[in-house]
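Q: Chains A and B are the protein sequences, given in the same order.
Using this note's numbering, the letters of the first sequence correspond one by one to residues 1 to 113.
Using this note's numbering, the letters of the second sequence correspond one by one to residues 1 to 114.
In short, the hints are calculated from the structure, not lab data.
Small disclaimer: the values here were computed from a predicted structure and weren't measured.
Be a bit skeptical, because a hint or two may be false.
Claimed, not checked - Capping the alpha-carbon separation at 25 Å, the derived lysine-lysine pairs in BS3-like fashion look like this:
(1) A/K100 <-> B/K13
(2) A/K49 <-> B/K13
(3) A/K61 <-> A/K49
(4) A/K69 <-> A/K49
(5) A/K100 <-> A/K69
(6) A/K49 <-> A/K100
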Amino acid sequence: AQSVSQHNHHVILSEAASLELGCNYSYGGTVNLFWYVQYPGQHLQLLLKYFSGDPLVKGIKGFEAEFIKSKFSFNLRKPSVQWSDTAEYFCAVNVPGGFKTIFGAGTRLFVKA
Amino acid sequence: KAGVTQTPRYLIKTRGQQVTLSCSPISGHRSVSWYQQTPGQGLQFLFEYFSETQRNKGNFPGRFSGRQFSNSRSEMNVSTLELGDSALYLCASSPTSPSTDTQYFGPGTRLTVL
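Chain A extracted, bound-state conformation (with noise of 0.2 Å):
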């Protein structure tokens, strides 16, 4: 069975330090992958996703995730975090044609003013 794991729960750091959040997943065949996110108050949105190709993707408000197929991992990245970007982190990974998505647990990031 799929799953997908997030190694930090919690993460605070201060405003303009780096972000790195892990994830990783258990499947061996191809996989679509993603990152959510959620600000307090708002819905679920998109942040990037992988498909296939440049395993470097970037996606909104300048975050990246690279995707490193050998060690089945998808961390997320950000070279200098801002206070608005005080969320809760999902990665999520499904199979094509498997219409079933696999969250992480999120990781909370507070990013400290």
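Here the structure of chain A is known, so what remains is to put chain B in place on it, guided by the hints.
A: Positioned in the frame of chain A, the structure of chain B alone reads:
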């Protein structure tokens, strides 16, 4: 374009009762997925519908069921409620498939079981 809407937004029920939650997808979207969100567990996949057909389901007991109507609106039902069913239930829609399309999430229905 209006977003995904879910009704009701809040529900309080007692153990043993049943509940029906509703989801209206974005106009033109035919795929609807349901998730249960609880603190520390993230989002757990319940089921996905497309053109009134369930294409996949998660590992939930048979008390959890759903359906989709011809206008793509979807409902989920939980019978014989248990305390552990207290959660935020999220609905997400996409044009044809959550595997390849961006999912757009609704605000959720907060269910509390007493």
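Q: Taken at face value, is the distance from the CA of B/K13 to the CA of A/K49 at most 25 Å?
A: violated, 37 Å
Q: Are the Cα atoms of A/K100 and A/K69 separated by 25 Å or less?
A: holds, 20 Å
Q: Below or equal to 25 Å on CA atoms is what counts here, so check A/K100 against B/K13.
A: violated, 29 Å
Q: When you check the alpha-carbon spacing of A/K49 and A/K100, does it fall within 25 Å?
A: holds, 15 Å
Q: Please work out if A/K69 and A/K49 have their alpha carbons no farther apart than 25 Å.
A: Holds, at about 15 Å.
Q: Given the hinted pair A/K61 and A/K49, is their alpha-carbon gap at most 25 Å?
A: Given pair A/K61, A/K49 holds - Cα atoms ~14 Å apart, limit 25 Å.
Checked against the numbered hints given earlier, the structure breaks hints 1 and 2 and satisfies all the rest.
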